[in-house]
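Asker: Each chain, letter by letter, is given below.
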Amino acid sequence: MDIQKRIEGDVAILNLNGRLDLSSAALLKEASKETIGRETGKMLLNMDKVDFINSSGLGALVSILKEVRNNHGTLKLTNLAPYVREIFDITQLSNIFEIYPDEKRALASFK
Amino acid sequence: MIGKVNIRISPSKSTLPMAEEIIRAISESAAADSRKAFHLRLIMSELVTNAYLHGFYPRSDDFIEFQADFNRQKFSFSIINRGAFPDDINMEQLDFPRTAEESGRGLRIVRRLCSEFKVNTLPNNRLEIRVKFDLETENDVKTIK
Chain A
18 MDIQKRIEGD VAILNLNGRL DLSSAALLKE ASKETIGRET GKMLLNMDKV
68 DFINSSGLGA LVSILKEVRN NHGTLKLTNL APYVREIFDI TQLSNIFEIY
118 PDEKRALASF K
Chain B
17 MIGKVNIRIS PSKSTLPMAE EIIRAISESA AADSRKAFHL RLIMSELVTN
67 AYLHGFYPRS DDFIEFQADF NRQKFSFSII NRGAFPDDIN MEQLDFPRTA
117 EESGRGLRIV RRLCSEFKVN TLPNNRLEIR VKFDLETEND VKTIK
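Residue numbers (the working numbering), protein chains in the order written: chain A, 18 to 128; chain B, 17 to 161.
You may find that some hints are simply not true.
Computed list of lysine to aspartate or glutamate pairs in DMTMM-like fashion (alpha-carbon distance at most 25 Å, straight line) [to be verified]:
no. : chain 1 : residue 1 : chain 2 : residue 2
1   : B       : Lys52     : A       : Asp106
2   : A       : Lys66     : B       : Asp49
3   : B       : Lys29     : A       : Glu47
4   : A       : Lys66     : A       : Asp119
5   : A       : Lys128    : A       : Asp65
6   : A       : Lys66     : A       : Asp106
7   : A       : Lys50     : A       : Glu84
8   : A       : Lys128    : A       : Glu115
9   : B       : Lys52     : A       : Asp68
10  : A       : Lys66     : B       : Glu44
11  : A       : Lys121    : A       : Asp68
12  : B       : Lys90     : A       : Glu103
13  : B       : Lys148    : A       : Asp68
14  : B       : Lys148    : A       : Glu51
15  : B       : Lys148    : A       : Asp106
16  : A       : Lys66     : B       : Glu37
17  : B       : Lys20     : B       : Asp150
18  : B       : Lys52     : B       : Asp78
19  : B       : Lys29     : A       : Asp19
20  : A       : Lys22     : A       : Asp68
21  : B       : Lys52     : A       : Glu103
22  : A       : Lys128    : A       : Glu25
23  : A       : Lys50     : A       : Glu25
24  : B       : Lys52     : A       : Asp65
25  : A       : Lys46     : B       : Glu37
26  : B       : Lys20     : B       : Asp85
27  : A       : Lys83     : A       : Asp65
28  : B       : Lys29     : A       : Asp68
29  : A       : Lys50     : A       : Asp27
Computed list of chain B residues with no C-beta within reach of chain A, every gap over 12 Å [what the hints assert, rightly or not]:
no. : residue
30  : Ile23
31  : Arg24
32  : Lys134
33  : Arg142
34  : Arg146
It should be emphasised that the hints constitute simulated quantities derived from the structure, not laboratory data.
For glycine and all other residues, C-beta sits at the position ideal for the given N, C-alpha and C.
All chains should be built: construct the whole structure from the sequences, respecting the hints.
Answerer: Next comes the structure, spelled out in structure tokens:
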């Protein structure tokens, strides 16, 4: 998995590219650690280029969400592919994560 | 489309991405549409990951065997590894409500997507999981409560 970081206003955005599974879960957790430590604690994961996710990937996201909340931050997800979104729905994790259809609306929701 | 694939792979950190690529290729060959292919890939990925996580530690001199057998209607997949079913999971628990952070989510996803799910204990401390997936009809993908 390739992870690119950028900042929009006071929101740290991680662009994820590739599959999110056991092999890449640790990489994502490590990348998010630096972001969690930021002052505003606002993090957006853009999953536009995530073509596959399994329970290890879901577990990594839950772990990051917990860490963000422990640090009084906010984590949101955007641009989930339809099949990826379906897995969030099947597991009911779509009730736990804030998920937005596109980055513009996700960023607006932080304000 | 008809096919049969037999794979024997030694479990290590470096072979897991290889296994995932093989799984992707099988799912794209077997499924007629991208949604079915995604579900197939997810089922196999969960079972292979489960075997890597639970089947071998602390042994690393063993191997995982998996077999995919498919035609236009049905996809059958079996995986054999050393070890036992994870201690914290049993068949009944797979159908019970769970929290967001627990283990076992992967096997529950598999149970939801597959039309058949069987666990067999084999001689010499080996475990086999066999699943079937309908390639033509819509599978039950109700939410996990």
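Asker: Does each hint hold? Answer for all of them.
Answerer: So, going through the hints one by one against the coordinates:
Restraint check: the Cα-Cα separation between B:Lys52 and A:Asp106 comes to about 16 Å, which is no more than 25 Å; the hinted pair holds. Taking the CA atoms of A:Lys66 and B:Asp49, the gap is about 19 Å. The hint holds against a cut of 25 Å. Between B:Lys29 and A:Glu47 the alpha-carbon distance is near 18 Å, which keeps this suggested pair within the 25 Å criterion. Only pairs whose Cα atoms come within 25 Å are accepted, and A:Lys66 paired with A:Asp119 is accepted, the gap being roughly 13 Å.
Between A:Lys128 and A:Asp65, the direct Cα distance comes to roughly 22 Å. Compliance with the 25 Å bound is thereby established for this hinted pair. Restraint check for A:Lys66 and A:Asp106: satisfied, since their Cα atoms lie roughly 19 Å apart, inside the 25 Å limit. Simply put, A:Lys50 and A:Glu84 have alpha-carbon atoms about 9 Å apart, close enough for the 25 Å limit, and the pair holds. In summary, the hint linking A:Lys128 to A:Glu115 is supported, as the alpha carbons are separated by about 14 Å, within the 25 Å threshold.
This hinted pair checks out: B:Lys52 and A:Asp68 have alpha carbons roughly 14 Å apart, not beyond 25 Å. Distance hint between A:Lys66 and B:Glu44 is fulfilled; the C-alpha atoms sit about 18 Å from each other, no more than 25 Å. Using a Cα cut-off of 25 Å, the hinted pair A:Lys121 and A:Asp68 holds, with the two alpha carbons roughly 21 Å apart. Annotation: proposed proximity of B:Lys90 to A:Glu103 holds, straight-line Cα distance about 22 Å (limit 25 Å).
About 24 Å separates the Cα atoms of B:Lys148 and A:Asp68, which keeps this hinted pair within 25 Å; it holds. Only pairs whose Cα atoms come within 25 Å are accepted, and B:Lys148 paired with A:Glu51 is rejected, the gap being roughly 42 Å. Restraint check for B:Lys148 and A:Asp106: the C-alpha separation of about 22 Å stays at or below 25 Å, so the hint holds. Restraint check for A:Lys66 and B:Glu37: satisfied, since their Cα atoms lie roughly 17 Å apart, inside the 25 Å limit.
The hinted pair formed by B:Lys20 and B:Asp150 meets the criterion: a straight-line CA distance of about 16 Å does not exceed 25 Å. Taking the CA atoms of B:Lys52 and B:Asp78, the gap is near 32 Å; set against the 25 Å cutoff, the hint is violated. Pair hint B:Lys29 plus A:Asp19 holds up; C-alpha atoms about 18 Å apart against a cutoff of 25 Å. Under the criterion of a C-alpha separation no larger than 25 Å, the hint pairing A:Lys22 with A:Asp68 is consistent with the structure, at around 19 Å.
The straight-line distance between the Cα atoms of B:Lys52 and A:Glu103 is roughly 12 Å, inside the 25 Å bound, and the hint therefore holds. Between the alpha carbons of A:Lys128 and A:Glu25 the distance comes to roughly 12 Å, so the proposed pair stays at or under 25 Å and holds. With a C-alpha separation of about 18 Å, the suggested pairing of A:Lys50 with A:Glu25 holds against the 25 Å cut-off. Simply put, B:Lys52 and A:Asp65 have alpha-carbon atoms about 20 Å apart, close enough for the 25 Å limit, and the pair holds.
Distance hint between A:Lys46 and B:Glu37 is fulfilled; the C-alpha atoms sit about 22 Å from each other, no more than 25 Å. A threshold of 25 Å between alpha carbons decides the hint, and for B:Lys20 with B:Asp85 the separation of about 4 Å falls inside it, so the pair holds. For the proposed pair A:Lys83 and A:Asp65, the alpha carbon gap of about 22 Å is at most 25 Å, so the pair holds. Pair hint B:Lys29 plus A:Asp68 holds up; C-alpha atoms about 21 Å apart against a cutoff of 25 Å.
Between A:Lys50 and A:Asp27 the CA atoms are separated by roughly 17 Å; this keeps the pair inside 25 Å, and the hint holds. Here B:Ile23 stays apart from chain A, with its beta-carbon at least about 17 Å from theirs, past the 12 Å limit. The Cβ of B:Arg24 sits about 20 Å from the closest Cβ of chain A, beyond the 12 Å cut-off, so the non-interface label holds. Against chain A, the non-interface label of B:Lys134 holds: every CB pair exceeds 12 Å, the least being about 20 Å.
With a least beta-carbon separation of about 22 Å from chain A, B:Arg142 lies farther than 12 Å from that chain, consistent with its non-interface assignment. The beta carbon of B:Arg146 sits about 19 Å from the closest Cβ of chain A, which is more than 12 Å, so the claim that it is off the interface holds.
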